[in-house]
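Asks: Chain by chain, the residues run as shown.
There are 2 protein chains.
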Amino acid sequence: MIKLNSEYKTFGGKLGFYSHFSSSCNSEMRFAVYQPPQATSQNVPVLYWLSGLTCTEENFMIKAGAQKYAAEHGLLLVAPDTSPRNTGILGEDESWDFGTGAGFYVDATEIPWSSHYKMYSYVVEELPNVIAENFPVNLDKQSIFGHSMGGHGALICAMRNPEKYKSVSAFAPVVAPMQCPWGEKALSGYLGDNKDTWSNYDATELVKKIGFHSPILIDQGTADSFFQQKQLLPELFEKACAQVKQPLNLRYQEGYDHSYYFIASFMEDHIHHHAIFLN
Amino acid sequence: MIKLNSEYKTFGGKLGFYSHFSSSCNSEMRFAVYQPPQATSQNVPVLYWLSGLTCTEENFMIKAGAQKYAAEHGLLLVAPDTSPRNTGILGEDESWDFGTGAGFYVDATEIPWSSHYKMYSYVVEELPNVIAENFPVNLDKQSIFGHSMGGHGALICAMRNPEKYKSVSAFAPVVAPMQCPWGEKALSGYLGDNKDTWSNYDATELVKKIGFHSPILIDQGTADSFFQQKQLLPELFEKACAQVKQPLNLRYQEGYDHSYYFIASFMEDHIHHHAIFLN
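So the sequences go chain by chain: A and B. For the first sequence, this note's numbering gives the first residue as 1, with consecutive numbering after it. For the second sequence, this note's numbering gives the first residue as 1, with consecutive numbering after it.
Accuracy of the hints is not assured; some may be wrong.
Because identical chains cannot be distinguished in the list, a pair is counted as satisfied if it fits within a single copy or across any two copies.
Said to hold, decoys possible - Mimicking DSS-like on lysine-lysine, the simulated pairs with C-alpha atoms at most 30 Å apart in a straight line are:
#1 LYS9 / LYS239
#2 LYS9 / LYS63
#3 LYS141 / LYS3
#4 LYS230 / LYS14
Calculated directly from the structure, the hints in this document are not laboratory data.
Make a model of the complete structure from these sequences and hints.
Replies: Laid out in structure tokens, this is it:
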């Protein structure tokens, strides 16, 4: 059972904000869905967006300007929240880069986080089923993209589940969480000290082990302060892709920062990239 | 002197958020400017956006998706805040539809508002000069549009200053403030009881007296609750335009509401409308 909290007509389609009880996360979760006009007459492909630190299910739908292109290509957009909220875990709201708004798309194994923070299973398993039960979609055609922490999420979900996703792309993704402060904090907090487990959630490790069946598109702004602070490390991912001959289109965008103003500027290209594999 | 508070590259151009001391409003005012890529090599036309109740200079730039089309057509976008803020006037923050965030684009004559609330002069006189002094623009090519209270503002600014503006359009504008609750509250509060003064700020009255030299484009969503509550009254403006043979393209957009999701859906059409008269 999902609950519709608000709904808007936009670009000829329908944008809804929903909540439901997630069995993976054992708590309420929220997500947004944009149904393109085509969805009134046929089952359409699904494109998932995973957001970055501190975001909710709203940011992407308000700021990215994606609906126009989803409507043009007939894709249903799904944007989940970035973590469970109000779980009652002590300290969940203490950091902006851990806990609430910072689920990092992993299945936590460490107490107390393991009782609720199962964002990997939520995104890969539960949410697609919820979407299929409630919206006119074709689950044989799914793709995934995201921003920053959500770019990390998109890459790991896609590489670990190549049969589920036709294509993947990212804006300013955290591609080597084992080697940056955000990632070290999140992976140690959610997964404990065993770095073998961490590597299942590190795109740079995964591409060397698994790779992906279609070319990966990544945009990175050169004026992005988190890029400059070595939280993102696209150069490591690029090197790993080169090692294993993984097709990668990494574009450094001169002068762009980490904001949705950057994302919106290249949204058309990303949705076009996915539409090629989905339509 | 204007102060740059933040700046972002977007769609190949530059978005800045500014503050300055306004002599019209005798207080700090804020505005946002999007400089299209063309502005690095030539003076470009200016398109002003006036926002609705409760908005700041940010809403439009975050939500409307206008930068893409401004970049395509080489237009500089300017979005001022909707009122002075923190003026110290007693009760300025008491209502969401009067005072802060609700300047209604009039020059207040009533004490205490008359000491700061001069949004009409600010938009029509002071702001264009500030823009001309600080940005590469061609003030012979200006147009104006807006939403709700700002649609009202755009229409009255354009009709009263046909030599300044090449074109005007609006989303869900308040077109007959003398005949709706929002307008009655604002006009009586800012201008007192003399309804002759009010009529200078009422688009439906002005079009009968003055008209405008180019066709007016208006989009109105049919699921807009403020339309249903008779705050907007496009039918009165349509009737007045018909009386005086003012060319009007009033489009009722089925199922759309009052939000920026509606605005974004038709932004391309509006910017195209202005580009025809500006380029």
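Asks: Looking back at the hints listed earlier, which ones does the structure fail to meet?
Replies: Every hint satisfied by this model.
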